[in-house]
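I would like the entire structure built from these sequences, with the hints used as guidance.
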Amino acid sequence: MKSKIGEIRNVNPNKRVRIIFQDEAGFGRINKPKYCWCNKKIRPQVLCHHIREYRYAYGAVEPIIGENFFLVLPYCNTNCMNVFLEELSKDYKEDKILLVCDGATWHKSNGLKIPENIEIIHIPPYTPEMNPIEQIWKQIRSMGFRNEFFHSLTDVVNRLCETINHLTKEMVKSINHRDWIQYMELNRY
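If you use the numbering used here, the sequence shown corresponds to residues 1 to 189, in order.
It should be emphasised that the hints constitute simulated quantities derived from the structure, not laboratory data. Mixed in with the good hints there might be a few duds.
Each pair of labels, with its calculated beta carbon distance range [claimed, not checked]:
| hint | residue 1 | residue 2 | range |
| --- | --- | --- | --- |
| 1 | Glu148 | Pro128 | 22 to 30 Å |
| 2 | Ile114 | His151 | 16 to 24 Å |
| 3 | Arg178 | Arg16 | 31 to 39 Å |
| 4 | Asp179 | Lys113 | 33 to 41 Å |
| 5 | Pro74 | Asp179 | 33 to 41 Å |
| 6 | Pro74 | His151 | 33 to 41 Å |
| 7 | Lys41 | Lys113 | 21 to 29 Å |
| 8 | Ile42 | His151 | 34 to 42 Å |
| 9 | Thr105 | Lys41 | 45 to 53 Å |
| 10 | Pro13 | Ile65 | 15 to 23 Å |
| 11 | Lys169 | Lys40 | 21 to 29 Å |
| 12 | Ile42 | Gly103 | 21 to 29 Å |
| 13 | Lys41 | Ile121 | 53 to 61 Å |
| 14 | Tyr75 | Tyr126 | 45 to 53 Å |
The C-beta atom is built at its ideal place from N, Cα and C for all residues, glycine as well.
Spelled out as structure tokens, the structure:
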């Protein structure tokens with residue numbers, strides 16, 4: 001990855017090069033009860049249902065400065081990934097983006113339309129610890145989806161958007177900080 005960053009910076013000397021980590025996570029009406037506090041000698045009751053309706057949060061974070069970009073889309077597939085890439089590209093149209101993704105099939109699809117200002121690289125298989133945005137999904141679930149019963153998929157999407165909007169740049173930086181990412185950013189090859 002180090003040589004790729006240097007190559008992109010050399011080819012684009014007048015553009016800001018952003019190292020952004022991307023991933024998706026499903027949020028839906030099926031819920032898993034979590035630990036919670038209650039009065040002594042009382043067993044907590046948590047509503048639970050098994051309706052399999054989901055929406056997917058596509059996210060991208062820049063761990064060094066806490067910048068983030070999210071879209072809620074109906075599926076995890078190539079078409080939705082294309083929508084995400086197009087919107088991400090528009091949001092950072094003046095910059096060159098090195099987008100770090102996992103090996104999901106829609107990240108490598110032949111039908112993927114990668115905008116000119118985005119270059120995708122993939123983390124090695126079975127290494128989610130190399131993708132710091134994985135921790136953001138845990139944060140979103142703990143902030144907005146603990147022992148919650150949703151009456152509709154619209155309620156899920158509204159809660160997801162509300163929770164994402166409560167993420168601050170400082171929160172993203174503190175959750176996503178990795179020394180090796182900072183090292184790459186500070187040592188402009």
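Do the hints match the structure? See the list:
Here the CB-CB span from glutamate 148 to proline 128 is close to 25 Å, well matched to the stated 22 to 30 Å. About 39 Å separates the C-beta atoms of isoleucine 114 and histidine 151, a value inconsistent with the hinted range of 16 to 24 Å. Taking 31 to 39 Å as the suggested C-beta distance range, the pair arginine 178 and arginine 16 does not conform, at roughly 20 Å. For aspartate 179 and lysine 113, the Cβ-Cβ distance of about 34 Å falls inside the hinted range of 33 to 41 Å, so the restraint holds.
Proline 74 and aspartate 179 have their C-beta atoms about 37 Å apart, which keeps the hinted 33 to 41 Å range intact. As the Cβ distance of proline 74 to histidine 151 is approximately 19 Å, the hint placing it in 33 to 41 Å is violated. For the pair lysine 41 and lysine 113, the beta carbons lie near 59 Å from each other, so the given range of 21 to 29 Å is not met. At roughly 26 Å, the beta carbons of isoleucine 42 and histidine 151 sit outside the given window of 34 to 42 Å.
The supplied range of 45 to 53 Å is met by threonine 105 and lysine 41, whose beta-carbon atoms lie about 50 Å from each other. For proline 13 and isoleucine 65, the hinted distance range of 15 to 23 Å is satisfied, since their beta carbons lie about 20 Å from each other. In this structure the hint that lysine 169 and lysine 40 lie 21 to 29 Å apart at CB is violated, the actual value being about 40 Å. Against the hinted window of 21 to 29 Å, the Cβ-Cβ separation of isoleucine 42 and glycine 103 comes to about 46 Å, which falls outside the hint.
Taking 53 to 61 Å as the suggested C-beta distance range, the pair lysine 41 and isoleucine 121 conforms, at roughly 55 Å. At roughly 24 Å, the beta-carbon separation of tyrosine 75 and tyrosine 126 lies outside the given 45 to 53 Å, and the hint is violated.
Hints 2, 3, 6, 7, 8, 11, 12 and 14 from the earlier list are contradicted by this structure; the remaining hints agree with it.
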